[in-house]
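Asks: Here are the chains, one letter per residue:
There are 4 protein chains.
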Amino acid sequence: MIIVLKKGVSQEQFKEVTDMIKDLGYHAHVIQGTERTVIGAVGSGRGTDKLQAMENLPGVDNVVPILQPYKLASLEVKPEKSIIQISDNVKIGGDEVAVIAGPCSVESEEQIIESARAVKAAGANMLRGGAFKPRTSPYSFQGMEEEGLILLRNARKITGLPIVTEILNPADINLICKYADILQVGARNIQNFALLKELGKVDKPVILKRGMMTTIEEFLMSAEYIISGGNSKVILCERGIRTFETATRNTLDLSCVPVLHERTHLPVIVDPSHGTGHWKLVTPMACAAVAVGADGLMVEVHPHPDHAVSDGIQSLKPEKFSEMMDSLSRFAEAAGRTLPESS
Amino acid sequence: MIIVLKKGVSQEQFKEVTDMIKDLGYHAHVIQGTERTVIGAVGSGRGTDKLQAMENLPGVDNVVPILQPYKLASLEVKPEKSIIQISDNVKIGGDEVAVIAGPCSVESEEQIIESARAVKAAGANMLRGGAFKPRTSPYSFQGMEEEGLILLRNARKITGLPIVTEILNPADINLICKYADILQVGARNIQNFALLKELGKVDKPVILKRGMMTTIEEFLMSAEYIISGGNSKVILCERGIRTFETATRNTLDLSCVPVLHERTHLPVIVDPSHGTGHWKLVTPMACAAVAVGADGLMVEVHPHPDHAVSDGIQSLKPEKFSEMMDSLSRFAEAAGRTLPESS
Amino acid sequence: MIIVLKKGVSQEQFKEVTDMIKDLGYHAHVIQGTERTVIGAVGSGRGTDKLQAMENLPGVDNVVPILQPYKLASLEVKPEKSIIQISDNVKIGGDEVAVIAGPCSVESEEQIIESARAVKAAGANMLRGGAFKPRTSPYSFQGMEEEGLILLRNARKITGLPIVTEILNPADINLICKYADILQVGARNIQNFALLKELGKVDKPVILKRGMMTTIEEFLMSAEYIISGGNSKVILCERGIRTFETATRNTLDLSCVPVLHERTHLPVIVDPSHGTGHWKLVTPMACAAVAVGADGLMVEVHPHPDHAVSDGIQSLKPEKFSEMMDSLSRFAEAAGRTLPESS
Amino acid sequence: MIIVLKKGVSQEQFKEVTDMIKDLGYHAHVIQGTERTVIGAVGSGRGTDKLQAMENLPGVDNVVPILQPYKLASLEVKPEKSIIQISDNVKIGGDEVAVIAGPCSVESEEQIIESARAVKAAGANMLRGGAFKPRTSPYSFQGMEEEGLILLRNARKITGLPIVTEILNPADINLICKYADILQVGARNIQNFALLKELGKVDKPVILKRGMMTTIEEFLMSAEYIISGGNSKVILCERGIRTFETATRNTLDLSCVPVLHERTHLPVIVDPSHGTGHWKLVTPMACAAVAVGADGLMVEVHPHPDHAVSDGIQSLKPEKFSEMMDSLSRFAEAAGRTLPESS
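Protein chains in written order, with our numbering: chain A, 1 to 343; chain B, 1 to 343; chain C, 1 to 343; chain D, 1 to 343.
I should point out that these hints are in silico values taken from the structure, not numbers from a laboratory.
Treat the hints with caution; some may be incorrect.
[To be verified] Result set (EDC-like, lysine to aspartate or glutamate): computed pairs, CA atoms no more than 20 Å apart in a straight line:
{"id": "1", "chain 1": "C", "residue 1": "7", "chain 2": "A", "residue 2": "76"}
{"id": "2", "chain 1": "A", "residue 1": "178", "chain 2": "A", "residue 2": "217"}
{"id": "3", "chain 1": "C", "residue 1": "197", "chain 2": "D", "residue 2": "146"}
{"id": "4", "chain 1": "C", "residue 1": "6", "chain 2": "A", "residue 2": "319"}
[Said to hold, decoys possible] Cβ pair distances, simulated, as ranges:
{"id": "5", "chain 1": "D", "residue 1": "177", "chain 2": "B", "residue 2": "7", "range": "31 to 39 Å"}
{"id": "6", "chain 1": "C", "residue 1": "32", "chain 2": "D", "residue 2": "177", "range": "50 to 58 Å"}
{"id": "7", "chain 1": "A", "residue 1": "319", "chain 2": "B", "residue 2": "15", "range": "48 to 56 Å"}
Every value quoted in this text rests on a predicted model; they were computed, and no experiment measured them.
Ideal Cβ placement from N, Cα and C applies to all residues, glycine included.
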């Protein structure tokens, strides 16, 4: 921590600052500048929270943190990129760009099986589908719950695709782990710390979606909750942040992909469906995500988007998804990556 | 819903749109404009989600909702302001401006009793204190949990002040209800729908804090979750939104107070401590909150802010809080409101 | 400047950094931390831009500025608050809260004279009115230009109220100075440096409106342009920033008033009309602005808002403005301030 | 325009609304909904500003615009993409991805000539360099002005590269037109309408950079100012918007490229240097821009970034730029586009 003193600080105020730094177990290293005095708090004392609170002292102008607050998620602690194995032949984080596709919600057996077959045929290697849905309105469809999970399991049986589904309530963790291959934490739960702590205890990969107003540092701190709890299989997902712009549902922050790759070993995937909110923008942004280094994509595909119970506007029809995969294959090649092999 | 068609829409595309409107159980009312054709979907058919998804149709430019999505929270349904009774002599929503004060976290018996006595002496009529803490870092102090709740109960015994404390996990609801008079939902859980649903089932008032990225409409929809679940004792709390400005921790959106008063019967309180992040800004913003019509304030007060385990920078010392109450009394009078009577 | 080195920096990289610091004319003060090495660049060398560019060096993690970049606008340079004299009996920055009111645009002689009389009768002490209008659309009314300035001069003759009007083009400066008592720089021109430089050369007060995405630091830097050019009569005006919230036209950032008062000696006024975009919100936010310490208000008033050529939605009718002034007088008193005396 | 009436509107209020619609020259088309009454104002009456101001009427809840406010910039008016010819062999908007590169500021003859040769060798087909610089601080380097323009002309003589340079002041327009091939309007001047109007009168292409707070609709309205003034040679440039995220200087909104391509015929280029603020992020975001359909790139390249007087942190060294062009060629091919031929 760097403590910047006020201009014209008194000798007494100066002493109060250095005394408190020492009381907290740090060494106070003083730099006398031309206009300001600056103090480095060196060592590993009793916490950055308490140093930060020194901004309260009358002689202190502000306190500047130097170190990143995340450890286990950082490249400094683990310099090689993590590859997360999902099933025998599916992983996220290697040269192959993972492709997770499927409808927003599981709506019926027919719908989810048709979706699973279609996305598999087009080259996806994982199936998404929500059984517990976080909806802005209490009057909107809230998901098929366990019945939806059973249908997802059936879809996996038929297609072999691993299943990604969302968890909303820590109480549902055992239930969902029975069916899902990957648990997804939605944007609205990015700082639901009760949920993150529970996910630290399970032995399943977790896709952690960035919140609409989550900084990259906070995003990594939420990952740190899961890893420090004991589960290092965390996949980060950029899905758009909230800005003033209303032409798109969110603003997909693709620059966060290379920024994250400089800071963390965790794989980073991109969701261009929520990121834009319009199906026409999904393919160009998916291609851009691969160009920028994303380790995977998560795309909403629905056999009949204009009858979908949720997110129909941003869902691709199967034939559009198939065209997307064709475009994507050219960009993956340009990026020196591969797409999952169709089977 | 208003469906705006594209310029040059074909007769076939037009028919597809009107057919689907009818299929969904609405009447299609067509307006031929000079440049565009616009269709009103009139009636109460099978849901706005499905009308909204018509943006997918080739002839449709966009779909504009007309009605507010919240009902029970709206002034249209209940035109008189709600007054929420907390205890025999404490309520929120009437002429008296409620004042909730206390430390961010319960840290020790001495700290919480000292805080409770001090805020009571200065004129607060409720005590706040966190026993379960939502912290950005897993390595920060996470709260004293049940031990903290017991200390809060002791503080109530001594001072008579009702207790406000935060709930993070639906699983803790019975535990916290045993001790607290008001349950608080933090900004990070504003769209934790699993938690909101549980709070709809309890018979305790809930303070719902606006999230950093929550629109006023979404804020009311989250209240609607609790009310539609059966608990109408919801108090809304503005606590700052996230913007590009970094001089303050958040940007306190005071205009949301009169906007909410035009839309909802629920009481609206303001938290200038989180809203600004700096103790020096708390008093001016508290006075402004009362000027703008807030029904209450929630203020962080700590006997020794520079030793607080959390939020020390934004906490008032008891003597500063007392000065704040003096200023506030003048502004409350100017607003035709009263402050709680000191006892 | 504080230069934070990367973890595991090599001896060679370290030398490159310290050599460059010395080359730029600074002294390199090294702090060896437990995890990182940090270097303070002390002295007054060849510029912060060049120190900042050291982030390019392979051994450098990031560079943290310590000093504020504004000088003449800062309280450190001039610790007493500035009071800016507008005319014999009108000033901004003292105990009296200045009240500038009038229509968005000058539309006709009748409209501006009627407006001027009405705002004066209600207690305003300055008249606003735009003759050159910055409109989002080239097809919207662009202002009456010099004809409008002449009408403003007539309104001053009749009422005695000093005139505030906007300048868009550096080329218009002499023309506008002939008529106006205060020149206004609109939010869209806050970083129109060509215009700011010209305003540094004139002997007229300038109201500088914060841009929709202007940080407080940038706001003060724009004031610094005018002051460093030779004109210290700058009045800062908060008028709402752009956020994700769409319920209001902008989000009025009232906390910027006390933040600015801690940093600058310049007077700070508030425009609740643009700040909210709805006339119903103007009075509560005006009262809040006074509660928070604003030195003045700028309010749109129009005799017939539903026929106004611009900004009708946010304009008060004269009778509503008069009611606002009544409310305001109570809040001004609570704040220990006065309102202009009606004459 | 759609006018939504309040619930429970009186017969009198209803009449007031329909009368005013007719007075303004529109036909009032009424839709009686289940809960609300909605009126379409049909025809081409006296302006959307005046319809919008009807929100002031007591019976009106809100007013919803249906038509886009831009005309000449829209695809509806000109459905084929515009290709803008810059010189005999350089154009923007066709299959070839234009590459504009060079330093932020012209600093010296040696620097600009070295830069021009380097960017040409690597495959750029236009040279950028600022002679008039918009700097946040009045104490920062403000540009070499005409001397810089002369150096740019020399660089063109030597390399044949057309010159792009920024204009800040309408008064400089003749001077800059003497030297430049393309005039650039910076982000801070996107709503400097005095400048935009002047640019409507010149016969030179204009690169219009999106402001930090500019919506896509406002962006097109600023282009409309130039086109409606008589100059249709407008190139739009996305360069990052301001959000809450501080890990990057701005948030590059790549989704705006396909959104713009759906709405306008104007070419769209991307500036990944300002868009990210860090040279390491320039190459990935440049590749992503091409993947998403950008018609060109604008990249800062400096022979010695750590000695640059401005923007050194985000400037590529010539060898890094050359590597970028190599990567870019693969993505351009994947996108079915070409890069300029090296000469």
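Asks: If you test the structure against every hint from before, which numbers come out violated?
Replies: Checked against the structure, the hints that fail are numbers 2, 4 and 7, while the rest are satisfied.
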